[in-house]
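Engineer: Chains A and B are the protein sequences, given in the same order.
Residue numbering for the first sequence follows the UniProt record's numbering, beginning at 1 and increasing consecutively.
Residue numbering for the second sequence follows the UniProt record's numbering, beginning at 1 and increasing consecutively.
Calculated from the structure, these hints are not laboratory results.
Keep in mind the model is a prediction, meaning the values are calculated, not measured.
There could be a bad hint or two in this list.
To be verified - In silico PhoX-like pairs for lysine-lysine, Cα to Cα no more than 20 Å straight-line:
1. Lys-264(A) with Lys-275(A)
2. Lys-224(A) with Lys-197(A)
3. Lys-396(B) with Lys-147(B)
4. Lys-291(A) with Lys-147(B)
5. Lys-49(A) with Lys-60(A)
6. Lys-291(A) with Lys-396(B)
7. Lys-147(A) with Lys-103(A)
8. Lys-172(A) with Lys-49(A)
9. Lys-494(B) with Lys-291(A)
Stated by the list, open to error - Each pair of labels, with its calculated beta carbon distance range:
10. Cys-410(B) with Asp-194(A): 41 to 51 Å
11. His-258(A) with Val-392(B): 50 to 60 Å
12. Lys-291(A) with Ser-492(B): 15 to 25 Å
Virtual Cβ for every residue (Gly too), placed ideally from N, Cα, C.
Residues per chain, in single letters:
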Amino acid sequence: MTLKTFHFAGVASMNVTLGVPRIKEIINAAKKISTPIITATLECDDNLKTARMVKGRVEKTVLGEVAKSVRIVITSRSASIVVTLDMERIQASQLCINAQIVKEKILQSKIKLKEQHIKVLDARKLEIIPPGDKSKLHFELHSLKNKLPTVVVKGTNTVERAVINKTKKDNKEQYNLLVEGTGLQAVMGTEGIDGCKTTSNHIMEVRQVIGIEAARKCIIEEIKYTMASHGMTIDIRHMMLLADLMTFKGEVLGITRHGIQKMKDSVLMLASFEKTADHLFNASVNGRDDKIEGVSECIIMGIPMQIGTGILKVRQRVENAQQLSYGLDPIIQ
Amino acid sequence: MESEGKSPVKYTHCELDMSFLLGLSCAIIPFANHDHARRVLYQSEKHSQQAIGFSTTNPNIRVDTNTHQLYYPQRPLFRTMLSDSLGKPGYPLGHNGIVPRPEYFNGQCAIVAVNVHLGYNQEDSLVMNRSSLERGMFRSEHIRSYKAEVDNKEALGKKPKYEDTVNFGKMQSKIGRVDSLDDDGFPFIGANLQSGDIVIGKCAESGVDHSIKLKHTERGMVQKVVLSANDDGKNFAVVSLRQVRMPCLGDKFSSMHGQKGVLGFLESQENFPFTIQGIVPDIVINPHAFPSRQTPGQLLEAALGKGIACGGSLRYATPFSTVSVDDITDQLHRAGFSRWGNERVYNGRTGEMIHSLVFMGPTCYQRLTHMSEDKVKFRNTGPVHPLTRQPVADRKRFGGIKFGEMERDCLIAHGAAANLHERLFTLSDSSQMHICRKCKNIANVIQRPVPGGRKIRGPYCRFCESVEDIVRVNVPYGAKLLCQELFSMGISLKFETEVF
Numbered sequence: 001m002t003l004k005t006f007h008f009a010g011v012a013s014m015n016v017t018l019g020v021p022r023i024k025e026i027i028n029a030a031k032k033i034s035t036p037i038i039t040a041t042l043e044c045d046d047n048l049k050t051a052r053m054v055k056g057r058v059e060k061t062v063l064g065e066v067a068k069s070v071r072i073v074i075t076s077r078s079a080s081i082v083v084t085l086d087m088e089r090i091q092a093s094q095l096c097i098n099a100q101i102v103k104e105k106i107l108q109s110k111i112k113l114k115e116q117h118i119k120v121l122d123a124r125k126l127e128i129i130p131p132g133d134k135s136k137l138h139f140e141l142h143s144l145k146n147k148l149p150t151v152v153v154k155g156t157n158t159v160e161r162a163v164i165n166k167t168k169k170d171n172k173e174q175y176n177l178l179v180e181g182t183g184l185q186a187v188m189g190t191e192g193i194d195g196c197k198t199t200s201n202h203i204m205e206v207r208q209v210i211g212i213e214a215a216r217k218c219i220i221e222e223i224k225y226t227m228a229s230h231g232m233t234i235d236i237r238h239m240m241l242l243a244d245l246m247t248f249k250g251e252v253l254g255i256t257r258h259g260i261q262k263m264k265d266s267v268l269m270l271a272s273f274e275k276t277a278d279h280l281f282n283a284s285v286n287g288r289d290d291k292i293e294g295v296s297e298c299i300i301m302g303i304p305m306q307i308g309t310g311i312l313k314v315r316q317r318v319e320n321a322q323q324l325s326y327g328l329d330p331i332i333q
Numbered sequence: 001m002e003s004e005g006k007s008p009v010k011y012t013h014c015e016l017d018m019s020f021l022l023g024l025s026c027a028i029i030p031f032a033n034h035d036h037a038r039r040v041l042y043q044s045e046k047h048s049q050q051a052i053g054f055s056t057t058n059p060n061i062r063v064d065t066n067t068h069q070l071y072y073p074q075r076p077l078f079r080t081m082l083s084d085s086l087g088k089p090g091y092p093l094g095h096n097g098i099v100p101r102p103e104y105f106n107g108q109c110a111i112v113a114v115n116v117h118l119g120y121n122q123e124d125s126l127v128m129n130r131s132s133l134e135r136g137m138f139r140s141e142h143i144r145s146y147k148a149e150v151d152n153k154e155a156l157g158k159k160p161k162y163e164d165t166v167n168f169g170k171m172q173s174k175i176g177r178v179d180s181l182d183d184d185g186f187p188f189i190g191a192n193l194q195s196g197d198i199v200i201g202k203c204a205e206s207g208v209d210h211s212i213k214l215k216h217t218e219r220g221m222v223q224k225v226v227l228s229a230n231d232d233g234k235n236f237a238v239v240s241l242r243q244v245r246m247p248c249l250g251d252k253f254s255s256m257h258g259q260k261g262v263l264g265f266l267e268s269q270e271n272f273p274f275t276i277q278g279i280v281p282d283i284v285i286n287p288h289a290f291p292s293r294q295t296p297g298q299l300l301e302a303a304l305g306k307g308i309a310c311g312g313s314l315r316y317a318t319p320f321s322t323v324s325v326d327d328i329t330d331q332l333h334r335a336g337f338s339r340w341g342n343e344r345v346y347n348g349r350t351g352e353m354i355h356s357l358v359f360m361g362p363t364c365y366q367r368l369t370h371m372s373e374d375k376v377k378f379r380n381t382g383p384v385h386p387l388t389r390q391p392v393a394d395r396k397r398f399g400g401i402k403f404g405e406m407e408r409d410c411l412i413a414h415g416a417a418a419n420l421h422e423r424l425f426t427l428s429d430s431s432q433m434h435i436c437r438k439c440k441n442i443a444n445v446i447q448r449p450v451p452g453g454r455k456i457r458g459p460y461c462r463f464c465e466s467v468e469d470i471v472r473v474n475v476p477y478g479a480k481l482l483c484q485e486l487f488s489m490g491i492s493l494k495f496e497t498e499v500f
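Okay, chain A solo, but in the shape it has when bound (with noise of 0.2 Å):
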């Protein structure tokens, strides 16, 4: 395997992360990874429209993209900004935005604005009044002007982008919906999209969402696609063994010394791998017991170890066993 490949899987411009990278991404339970893609089965499959409504329903889209204008309007009597939004460019892309939406997602925006400094004039427009004292009302007029295109006002915000994937299968076309980015249980929930169907290559974001042993399958399926890019095949079962080994805590540990740590509990052990004195002092002031059943432990105090032949011991059984006496046989008996 080479160090280090882009393979582009099958859209162009996508890009995911191959070979020994990927591998030590999945072994380390990475928290963070650096391409997680999320594959969405819709629930419609063979049409470009619907699969293009799901994509602007799953996509970042933020205010300043579906408003037509935003203005500060200066009256005599107050200052304040109008937002009107473009409804035939909504309508174009099937999304489901009004005013009243609007709203609330720039009330849950990271802007500091209250219920009341919003007003909703109609369908289409907003007004926002500017908080804080007068003196400084151009200023925050301003910079009211320059935040407000940046509230996300659909789809999820941890999305990067979605792409339509056009896969043949039977001889059928068959679109599904690549999604980049984290999110998981928003773009399960979407409409149009089939949550039972769906899955990412985040093994943290799987098992946060789905379950352990949702992610336990994923580790299997991920090293099975990393290998199989690199034109090698593994049987199962090694794979198996790992991801069971990774998850057999309940939760997804890595095989770094933290995940070690948590797999075990043999100081002996836990000592010779990594940070010695650490795990020393700690066992020592903690009053640990060591059950030397491990294979480390076993040859570091000299024991042959406890699995394949060492499982069992064998026992003589001497019949009818004589008893000897020490000493002078006795003279009268």
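Chain A is fixed; fit chain B onto it per the hints.
Structural biologist: Positioned in the frame of chain A, the structure of chain B alone reads:
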């Protein structure tokens, strides 16, 4: 030019032969332009430097720490433009000119057959003809020198203490045998020394022995003893030992095309396949060495060499020259052989004709410095490290070979628990430790006074202050060391024992 009597012709430009693109060690390689570049690199950078030949013209006068010399160097059959320039300068070169002496070339011409032979030449190994080795092919001698220094009393001027003066001399030594030394502390010329013998006897007046002893892998016959003084005011002595080495299994050889290989089997001459003329190969190389390495240069060299040996006129194999394959095949055909270098051979054991033709031809082979005698490691029990009581690491100090973590993982994967236990415990640092069963601590072995006046040495538990209930367990010395080191840090290990 001027001796011819004509006026000198003026040149403005001169064209260099295309092979001058390459350096000396590369332009000696025949048909280098037919070989893959990596193989040409291996040959010119590595193998030509590691080949055994004639390294100096005055080997009898020099005392080097380690030299090799080939007994019978031979000039290769082919010539190249640049190898001709190694000859005596000033003589006109060409077919009648002086060719360089065979000592310039570090190899011998061997008859090479490209064939499988009983499966002993797989994976880059060679099968060689034992009879040709017994006749002296690829035999070489190796000279190793040992130096020792002693202070020169007259040069120093001041008189040091009488007991400290170190002299060369023969004395009864506990560290080795002194049978081969003369009275002046040096062995006589022609003495046969082996491992454990003393090479140079050096002793102080007080009786302390500073002699130099041969290590366990070295041996030889004394060739030269030199006594001299250097400018620092010290007398020094050098003893050279000579060893003759016939190729044995594991010695490395290489052709001139980067096809290195290790001797795999020595076959007797009568078992080899022979040709109609009775020619038997010296070296049998596996045909699998050629497809992935892409060195047809060796095959062309063998075909060209065959033609030259039969008296052909085509002799030059300069890289980038225009000797074409057609010329080589014509030369072979004129000499009466098959055009493509194949031969009809007959089985040496049964005498039957072998149905397929075998490619045979003379190729220049080199013997490389890597010999198995210098690398073989063996040990039963031997020196141990004083701190951990585990075997030491070097070959020089009679050490063992590391059985690392990955090898341990392989034995675990096989489930071979007893094998792993033996390898890492019994054969490494097995020892015993005393444990007190009452307080579960380690009990030390000390000498303590006993009522009655005597002192006994035995295990004693300091915590319980008693000797009852102390058991002895088998643990690796490393574990006992760990326990004592942790104890010194303030962490105490308690052991639970059970009767086995």
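Engineer: Honestly, which of those hints from before does the structure not fit?
Structural biologist: As far as the earlier hints go, 4, 6 and 11 are violated by this structure, in ascending order.
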